Amino acid sequence: MKIYDMDKKCFVEVAKIDNPSTKVEQLSHALYCYENDIFDIIYDKSQPSLKSFVEGLDQDMLNQKDFQYLFFTSGTTGTPTGVYKTKENLEKESEALIKTLPKQKFNRVVSTVPYVHIYGIDVGAILPKNLGVEIWTKENFLPEELAVEAQKEGTLIVTTPVFIKALNRIKKDVDFSKTLFLTSTAPLPIEEAKEFKEHYGSSVMQLFASTETGLMAYKTDDETILNAYEGVEVGENEGMLRVSSPFIAKKVLAGGVKDVELPFQTEDIVEIVSPTEFKLLGRSSNLAKIAGKRISTLQIESLIESLDGIEAVLVRIRRDDKALKDEILDIYVQGESLLEGKRVRSLLRKNFGSIHIPFKVYNNNKILRSSVGKKIGFESQ
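Under this note's numbering, think of the first position of the sequence shown as 1, with each following residue one higher.
None of these hints come from the bench; they were simulated from the model. Being a predicted model, the structure only gives us computed values, none of them experimental. Using N, Cα and C, we set each Cβ at its ideal position, and we do this for glycine too. Everything hinted at is true.
Label pairs and their in silico Cβ distance ranges:
1. Ala15 to Gly309: 42 to 50 Å
2. Thr81 to Glu191: 31 to 39 Å
3. Gly56 to Glu340: 44 to 52 Å
4. Leu50 to Ile98: 29 to 37 Å
5. Glu139 to Gly377: 20 to 28 Å
6. Lys178 to Lys342: 40 to 48 Å
7. Lys360 to Glu88: 47 to 55 Å
8. Ser380 to Lys16: 39 to 47 Å
9. Glu95 to Glu267: 22 to 30 Å
10. Ser46 to Pro275: 37 to 45 Å
11. Asp175 to Asp308: 25 to 33 Å
12. Gly56 to Glu88: 24 to 32 Å
13. Asp44 to Glu379: 16 to 24 Å
14. Lys16 to Arg349: 57 to 65 Å
Derived BS3-like pairs: lysine-lysine, alpha-carbon spacing no greater than 27 Å straight-line:
15. Lys105 to Lys92
16. Lys87 to Lys250
17. Lys92 to Lys129
18. Lys2 to Lys178
19. Lys152 to Lys2
20. Lys172 to Lys8
21. Lys45 to Lys9
22. Lys171 to Lys152
23. Lys129 to Lys87
24. Lys197 to Lys105
25. Lys194 to Lys103
26. Lys350 to Lys194
27. Lys9 to Lys152
28. Lys152 to Lys172
29. Lys92 to Lys2
30. Lys172 to Lys9
31. Lys258 to Lys87
32. Lys251 to Lys129
33. Lys375 to Lys350
34. Lys87 to Lys45
35. Lys375 to Lys360
36. Lys51 to Lys138
37. Lys99 to Lys2
38. Lys360 to Lys165
39. Lys171 to Lys375
Construct the entire structure; sequences and hints are all you get.
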């Protein structure tokens, strides 16, 4: 297994590293543990509250037998949730993912993602290991740097929707037709995927997953229907996705170590199309019910971000029992242009019809993201 450190411009060995801090060190150490069946705890030690939480846990409870890794869910609020994965979970998941890749020869994986979350480990590390190819990574990528690497034949890019959007913005006059991009669960608007394919000639395979379930389904480019991976059974309960698969965690750490029951109930609102296909409508925690209609805040964010001069949008649902309407949307905006309420109203009316959606716009914010590109908050500028 070869790891290429793009910052130091050299290959490094897979090795046991005490207190790994850089991406390359985290990758090297995680793979060493994987190859030698050593249990390891994978989490972002730069987060003081999470680090303090892990260090304060009983070691016998943390170090469960017969497991490969303990991950912590990204974007966790309140008490963090830990997820135990076996090597079998990760190996079967990797096999299923490889079967969905196009029949072309890859000679390396270029990964922009960190190795403190499950996506970085299972797709950015274990996938290339099982493909038998090199892993190229560096501490921080610029979109322009990724554009250079994506032109090289036989490259598989493991990244996030943030980079796809950034590459769409810079519009480099280059060709990625011999490269495939894999992106994480964070939503990539259909228009962005279509624009990327048309301009760069490369497909984007969007992976739908969670820390608890591992990979569940995928779609490519501007497809709207998600296809379940081999071995994954999907269904729904009151409109929310239920899933069974050999990739799902056996145990979770949440107020103690608990067994995971199957089928696993997710928070995703779906429309089942067939036994192996479904449409993702939103997440229950990101759905506003207005005039009896469920509307995803993620969909509203995507619509507003399509406007000129708007860089990023975060929509939060505020529930006010004293108000005439049950739910109010607080819209936090980052961009060169000031977003006016009448512009939002016109956009919402165009896409959702005549229903009245109460909202308030807050301009001049910086939208904060986690290390995997997930929107986690905002700062006033």
